[in-house]
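Please work from the sequences and hints to get the whole structure.
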Amino acid sequence: MNEVLTVLLGSLRDGYVQVSAFVAVTVLAFGLVQYWTGGAVISAIEDNERLQVAFGGLLGLTPGCGGAIVVMPLYVRGTVSFGTVVATLGATAGDSAFVILALAPEAALYSYAIAFAASVATGYLVDSYGLGVSRIDAAVAQLSPAATPDGGTVVNGGVGPNPAHDYGGPAPTHAHESGPDRESRILTPLSHLAHVVWWIAAAAGLVLGSLYLFRGGPEIPLTTGLGFDGLFTIVGITGAVLSLYLYLIGRHYVGEGEIARARDSFLSVYDTLTHAAMETSFVTVWVLVAFLVYEYVVLFSGVNVATLAATAGVLAPIGGAAVGLIPGCGPQILLASVYAEGGLPFSALTANAIAQDGDALFPLLAVDAKAAIVATIYNFLPAVVVGVALHLLWGPVFGMAEFGFGVL
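With our numbering as the guide, the letters of the sequence shown map in order to residues 1 to 408.
One or more of the hints may lead you astray.
[What the hints assert, rightly or not] So the derived label-pair ranges between C-beta atoms look like this:
no., residue 1, residue 2, range
1, Leu267, Gly399, 49 to 57 Å
2, Gly38, Gly78, 16 to 24 Å
3, Leu190, Gly130, 53 to 61 Å
4, Leu248, Ala29, 19 to 27 Å
5, Phe398, Leu193, 33 to 41 Å
If you're looking for bench data, these hints aren't it; they were derived computationally from the structure.
The beta-carbon is built from N, C-alpha and C at its ideal position, and this holds for glycine as well.
See the structure below:
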């Protein structure tokens, strides 16, 4: 029981200070850009057809799923091409990007640059030559009818180079969407207070996390006090607990009942801060789940994940790509956490980065499941090719370590 409690508290602390504090800064920066520009980023994408695929890839490259989620409604409206969707989803590393950026920044730089290049190239090829999209579309159509939830139909054959859609129904919804916001004499002010304290913890966590990285990522004992180790523990656990409260309860009382959903604009800076806090809390929950699953599996089973991955050989990147087929960020965060622990090769991380779509796939699934499935197939193929190529060339040709590359 002592070890179980130690793993729990350590995961709460490390997940918040080492990952969530950095997530908060990134999500807030993206939100502030949207607030200050009033949606100019989206307008630029719509007005530059030749650069849409590259713009989509850049939005997908931004950590988290917000940038990629922005693109999906544009495709549904027929203003961006199907190749743009493929490039965006392929470049997306979802919330797992925050884990790798915080714990293995050099690996993140290489992996996501490769994912961006492979995805944009695939997107342009799809738009220019089709690459058999119509055949795959027809095969998928036998499994999923080309009808929208509101009974509308898809024009121009569904998906393909430069498709146009005509949906007469509501805007896309998201799998994490919830009911209307609530009011309470107690919980409403309490939730706003928790939101403010959460940002104080995030600021402190950013400072402590940066110092932790500058020190080379040393082992930090679980302790309390006013020293670095004590503040690291107090701030980390406090921030994690507040994140759990905001995700489970608080978001319904601060005007952010919907999570993991990009917004075109914000009403004020406070509105932007609130959205960033709720999005980060959502990421924090998944990070904590991933940390705990991995740590408890190792604790109770004694399995050496690194040994298993090393014996998998070329199947490791194929497995990483296969995990990327699972919608959502939870499995991907777990995979990123295992890589940061030295348990997976770099080729598997990169294959997963290309194949995964994070939460960005949900809006497309909601209104055009067929297009979502076809886009996922076109992300999986380059993921396997690039992953296997890296497995064969990364060490022998480039002399780079497969395991632990870039991990602090």
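Now the hints, each set against the structure:
no.: 1; hint: Leu267 to Gly399: 49 to 57 Å; verdict: 53 Å, holds
no.: 2; hint: Gly38 to Gly78: 16 to 24 Å; verdict: 23 Å, holds
no.: 3; hint: Leu190 to Gly130: 53 to 61 Å; verdict: 55 Å, holds
no.: 4; hint: Leu248 to Ala29: 19 to 27 Å; verdict: 26 Å, holds
no.: 5; hint: Phe398 to Leu193: 33 to 41 Å; verdict: 52 Å, violated
Hint violations for this structure: number 5 only, all remaining hints satisfied.
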